[in-house]
Every structure is written in structure tokens, then in C-alpha cells.
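For this one, chain D is given, so just place chain G on it according to the hints.
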Amino acid sequence: EVQLVESGGGLVKPGGSLRLSCEASGFTFNSYTMNWVRQAPGKGLEWVSSISSSGDYIYYADSVKGRFTISRDNAHNSLFLQLNGLRADDSAVYYCARDAYGSYSFDSWGQGTLVTVSS
Amino acid sequence: QSALTQPASVSGSPGQSITISCTGTSSDVGGYNSVSWYQHRPGKVPKLMIYDVSGRPSGVSNRFSGSKSGNTASLTISGLQAEDEATYYCSSYTSSSTRVFGGGTELTVL
Numbered sequence: 010e011v012q013l014v015e016s017g018g019g020l021v022k023p024g025g026s027l028r029l030s031c032e033a034s035g036f037t038f039n040s041y042t043m044n045w046v047r048q049a050p051g052k053g054l055e056w057v058s059s060i061s062s063s064g065d066y067i068y069y070a071d072s073v074k075g076r077f078t079i080s081r082d083n084a085h086n087s088l089f090l091q092l093n094g095l096r097a098d099d100s101a102v103y104y105c106a107r108d109a110y111g112s113y114s115f116d117s118w119g120q121g122t123l124v125t126v127s128s
Numbered sequence: 447q448s449a450l451t452q453p454a455s456v457s458g459s460p461g462q463s464i465t466i467s468c469t470g471t472s473s474d475v476g477g478y479n480s481v482s483w484y485q486h487r488p489g490k491v492p493k494l495m496i497y498d499v500s501g502r503p504s505g506v507s508n509r510f511s512g513s514k515s516g517n518t519a520s521l522t523i524s525g526l527q528a529e530d531e532a533t534y535y536c537s538s539y540t541s542s543s544t545r546v547f548g549g550g551t552e553l554t555v556l
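First to last, the sequence lines map onto chains D and G.
Anchor point for the first sequence: position 10 equals 19 in my numbering, and the numbering is continuous, going up by one each time.
Anchor point for the second sequence: position 7 equals 453 in my numbering, and the numbering is continuous, going up by one each time.
In isolation and in its complexed conformation, chain D is listed as follows:
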């Protein structure tokens, strides 16, 4: 069974930093592109970033480019998102999501971790 478990969320002040983690199990992690998707309170889903299976190809939404960094550790089946320069509008539930093999669709999702940016 595919499992994605996020951690690392919490309350942080504007301008602060957090590092989110996503631990994967139940599939061959190093064969899949992985993503971060977020949902702000009362808002819709927003794609944040993706990283290819090898880590060679990385993409970001304009809203986070230059502030967030995605990475992965295939040896430890883990995905990360470093959040710097946090703003109030970054407050959201952050989901780790797997690309379906050979498709640009998100076929497995974690339960999410809540990030709250507030003074």
C-alpha cells in the first residue's frame, strides 16, 4: 500500500523558515516524480513544486520561486520542502503527492501538514 506521511509543519513568524518532510513507503520511490501541493484555509488547491525521480528536474510555482526549495533523498525514500521567507499567505495545509507513473496526475496524497505563518 502506498503511504505518504508529511511532517514538519507548525507555527512560524513572518520571514521565518520551516522544513517539511514526506516519508514514502509501499512503492519504488526513486521511480516517481514527486510534488508538493498546498491548500490555504478556505481556498482551493495550489501546486507548489515538483521534482523528477532522479532529482535532476525541479519546477516551482511563481508564488514560491526563490523562497522554497524542493529536494529528495532516494536512499531514504524521503521528499523535502524548505520554506524560507515565509509570508502570511503561505499559511496552508501542505500535501506531498506522487505523480502517477507516466502521467502528470497526482495519484497518491499524504494527509498533509499544516503551516501557519503569523506573528
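Example chain G residues on the side facing chain D (calculated, C-beta under 7 Å, incomplete):
1) 494
2) 535
3) 549
What the hints contain is simulated information worked out from the structure, not anything from laboratory work.
We put the beta carbon where it would ideally sit given N, CA and C, even for glycine.
Below, chain G alone, put in the same frame as chain D:
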């Protein structure tokens, strides 16, 4: 990276069919057969319902179908059931190798 355009809400009675549209541009929806649809119920994790415009993952009811014409993709739910009540999101791959979601459509089963 403008969000894809979806109607804010749709409704239907049990047994009826409804269609949710998702409009983008030639740089996303119209340019690739990479549109997917997600069902999101409150307190739950988003669930993939349709991939690659019209593909249906194993375990998803055949009452759900997808299509695309030009820059607009559509999700149709036939034989509407109370359990279908949720918010539905479309998503597309883009020419910048990024992804974009629609704003979401809240489905109410009357």
C-alpha cells in the same frame, strides 16, 4: 501561471447527470492531454478521479468520465449520488513544465 477557470458551484438531483467545465489556454489544457480531475471532501485527502483527460483509475466508478475540446476540459458525473457531493478540481500540465489547478467547483446533490 493563472488558475484554470471552473464554475464555483453546480448542483443536481440524485440520478441526474452534471458536467463541470475547466477552461485554460493553449499553453496548458489545450496543449496537452494531461488534464486530471480530483474529488475533495472536507477532512479528506484529494482523490484522483480522471487522469490524462479521460482515463479512469482502478476503483473509480464508471459514472465519472472526462473529455476535452480545445482549451476546455469537462468532467461528467452520471447517475448522481449523495456520496458524490464534494469539491472537484481540475489540473493540467503546462508549457513551462509546471502544473496548474482550477479554482474548484463545489457539487451539491439536492
